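Following the hints, complete the assembly by docking chain B onto the known chain A.
Number of protein chains: 2
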Amino acid sequence: MKVHWPTVAIVGVGLIGGSVGLALNSRRLAKRIIGVGRSAASLAEAKRRGAVTETTTTLAEGVADADLVVVAATVGTIGPLLEAVDLAVRPGTLITDAGSTKGSIVAAWEKRRRWRSGRFVGAHPIAGSHKRGPSAADAALFGNRITVVTPVAATPAKDVQEVADFWKALGSTVVVMPPREHDRILAATSHAPHLLAAAIAAATPDDARAFTAGGWRDTTRIAAGDPELWADILLDNAPRIARALGRIASTTEKMLHALETNDRRTLVALLKRAKEHRDAVGS
Amino acid sequence: MKVHWPTVAIVGVGLIGGSVGLALNSRRLAKRIIGVGRSAASLAEAKRRGAVTETTTTLAEGVADADLVVVAATVGTIGPLLEAVDLAVRPGTLITDAGSTKGSIVAAWEKRRRWRSGRFVGAHPIAGSHKRGPSAADAALFGNRITVVTPVAATPAKDVQEVADFWKALGSTVVVMPPREHDRILAATSHAPHLLAAAIAAATPDDARAFTAGGWRDTTRIAAGDPELWADILLDNAPRIARALGRIASTTEKMLHALETNDRRTLVALLKRAKEHRDAVGS
Chain A
1 MKVHWPTVAI
11 VGVGLIGGSV
21 GLALNSRRLA
31 KRIIGVGRSA
41 ASLAEAKRRG
51 AVTETTTTLA
61 EGVADADLVV
71 VAATVGTIGP
81 LLEAVDLAVR
91 PGTLITDAGS
101 TKGSIVAAWE
111 KRRRWRSGRF
121 VGAHPIAGSH
131 KRGPSAADAA
141 LFGNRITVVT
151 PVAATPAKDV
161 QEVADFWKAL
171 GSTVVVMPPR
181 EHDRILAATS
191 HAPHLLAAAI
201 AAATPDDARA
211 FTAGGWRDTT
221 RIAAGDPELW
231 ADILLDNAPR
241 IARALGRIAS
251 TTEKMLHALE
261 TNDRRTLVAL
271 LKRAKEHRDA
281 VGS
Chain B
1 MKVHWPTVAI
11 VGVGLIGGSV
21 GLALNSRRLA
31 KRIIGVGRSA
41 ASLAEAKRRG
51 AVTETTTTLA
61 EGVADADLVV
71 VAATVGTIGP
81 LLEAVDLAVR
91 PGTLITDAGS
101 TKGSIVAAWE
111 KRRRWRSGRF
121 VGAHPIAGSH
131 KRGPSAADAA
141 LFGNRITVVT
151 PVAATPAKDV
161 QEVADFWKAL
171 GSTVVVMPPR
181 EHDRILAATS
191 HAPHLLAAAI
201 AAATPDDARA
211 FTAGGWRDTT
221 RIAAGDPELW
231 ADILLDNAPR
241 IARALGRIAS
251 TTEKMLHALE
261 TNDRRTLVAL
271 LKRAKEHRDA
281 VGS
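As you go down the protein sequences, you meet chains A and B in turn.
Quick note: the first sequence uses this note's numbering, first residue 1, plus one each step.
Quick note: the second sequence uses this note's numbering, first residue 1, plus one each step.
Bound conformation, chain A alone:
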């Protein structure tokens, strides 16, 4: 198992990119960690925190010497960044990403696979926060978390293994599945809940918001996430989110019907199923 990459370039030094750098650094997995970004302030903060050893705002320069490139940008920008990275890396350079959707990102790469210089395998570390930026980065962010690695049929097994080894080396448990399967699952566990949390927050009447307690605060917490970033994710996975929302709406309808017909037995059964699912996941 290869667990050491002499030079790693991280494109985007926010929460995820910064945490990749801190994890690499604290586990001594890389000698050079090159932070690539647009914001000089974020790059400086990432370097100050020890997430990267050097920085640049020029992508081609930052990735030219890399053995491994991690694109840790927002979903809407990963596609164009992968194109730019591929034009600048040495042939055979391993590339991965950390985007919250995988289908369209991987498909865009695969469409031109035969002309590629790098070896890309998509990934999604399911570890995040509503916080952003390198100041929120954490070397332990990936510990005890799943990273989904999403090869296609054409991806060489060796590339899958190397990218899986990378994410494992940062502390995560790796699960390999096709991109569309990832997107179906994340629609249910992240995207549809996000949309509903936002709908609850947006629909709560102005005169009611003073009367919220822990329940409303927990339920709507992710609605504080960045609207532009989440719009990209939601738009990219729309059909699967619609199906996940359909399943939730169907369960909501059953609960509402039980309320309206005073059917306590059905209501309790549905609430018990919810509690079992929730208890199984842990706090």
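Hints in this document: simulated from the structure, not taken from any laboratory.
One or more of the hints may lead you astray.
When chains are identical, the list treats them as one kind, so a pair holds in a single copy or across two.
Said to hold, decoys possible - Mimicking BS3-like on lysine-lysine, the simulated pairs with C-alpha atoms at most 30 Å apart in a straight line are: (1) Lys272 with Lys131; (2) Lys31 with Lys168; (3) Lys254 with Lys131; (4) Lys47 with Lys254; (5) Lys111 with Lys31; (6) Lys111 with Lys254; (7) Lys158 with Lys131; (8) Lys254 with Lys158; (9) Lys111 with Lys131.
Predicted model only: the values in this text are computed from it and were never measured.
Just chain B now, with coordinates in the frame of chain A:
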């Protein structure tokens, strides 16, 4: 302002009742705090924690000497308990409750107002937890929280004042409003979000639940609440919950339509409104 009640009886020494006792005790607001309950173990735990000074499983005995009775039981049992309390108290004893719905509880009391022995004014401290029992009780539970006090037109101003003084003395900010107004607001801030959190948890496919992170966990946390207790709350406030769900469904439909028509501008606007509402409330 009267802030001292020599003898207080607390019917139900769970999270809320236990916290009332701890707050009374730590603020030296009562001499005797009598815990009334069905479970000897809970009563013993409440006494061990200093939430009550004496205990009994006999309601009539526990409330006979009280200057103030707090019924801190589940919504489904408050009605019958208020009847039993009223039969056992000295004439003129102040009574309040801590139920999560107010309309039907207050209406049942008011229906027989002219024959009442005690002076009841309903209340709802909007402070809770998905934890339960006297071991989760906290003297600071009501600090910086709102307690809604819900008199009707027939309630004497003096009674409203005394019950408001009581909840203020425990640390809460008191807001006075009619019971149905309370139920309309809580449907939006607590009951409908609870039902949706449960629907999300119940509808998440089995093979997806391993792939949850902080977002799903926050959004569904309240779904771990007690199904029987929540069934009582939801059934008691069904029409107003249906209306609150209708507003949320309408917002969800707008978001879904924006997703399906790739209307980024509308989607971002809706997510921004959600974020503004969420940010205004605080973590």
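Hint check:
Taking the shortest alpha-carbon separations for lysine 272 and lysine 131, only the inter-copy value of 16 Å comes in at or below 30 Å, while the best intra-copy value is 32 Å. In the homo-oligomer, the alpha carbons of lysine 31 and lysine 168 lie at most 30 Å apart inside one protomer (18 Å), although the nearest pairing across protomers, at 60 Å, exceeds that limit. Taking the shortest alpha-carbon separations for lysine 254 and lysine 131, only the inter-copy value of 26 Å comes in at or below 30 Å, while the best intra-copy value is 35 Å. With identical chains, the CA atoms of lysine 47 and lysine 254 are never at most 30 Å apart, being 53 Å at best within one copy and 42 Å at best between copies.
Proximity of lysine 111 to lysine 31 under the C-alpha cut-off of 30 Å is found in neither arrangement, the shortest distances being 33 Å within a copy and 78 Å between copies. In this assembly of identical chains, lysine 111 and lysine 254 lie within 30 Å of each other by CA distance neither inside one copy nor across copies; the values are 43 Å within and 33 Å between. When the C-alpha separation of lysine 158 and lysine 131 is checked against a cutoff of 30 Å, the pair qualifies neither within a copy, at 35 Å, nor between copies, at 48 Å. Taking the closest pair of Cα atoms, lysine 254 and lysine 158 never come within 30 Å of each other, the shortest separation being 48 Å inside a single copy and 45 Å across copies.
Taking the closest pair of Cα atoms, lysine 111 and lysine 131 never come within 30 Å of each other, the shortest separation being 34 Å inside a single copy and 52 Å across copies.
The structure is inconsistent with the numbered hints 4, 5, 6, 7, 8 and 9, although it conforms to all the rest.
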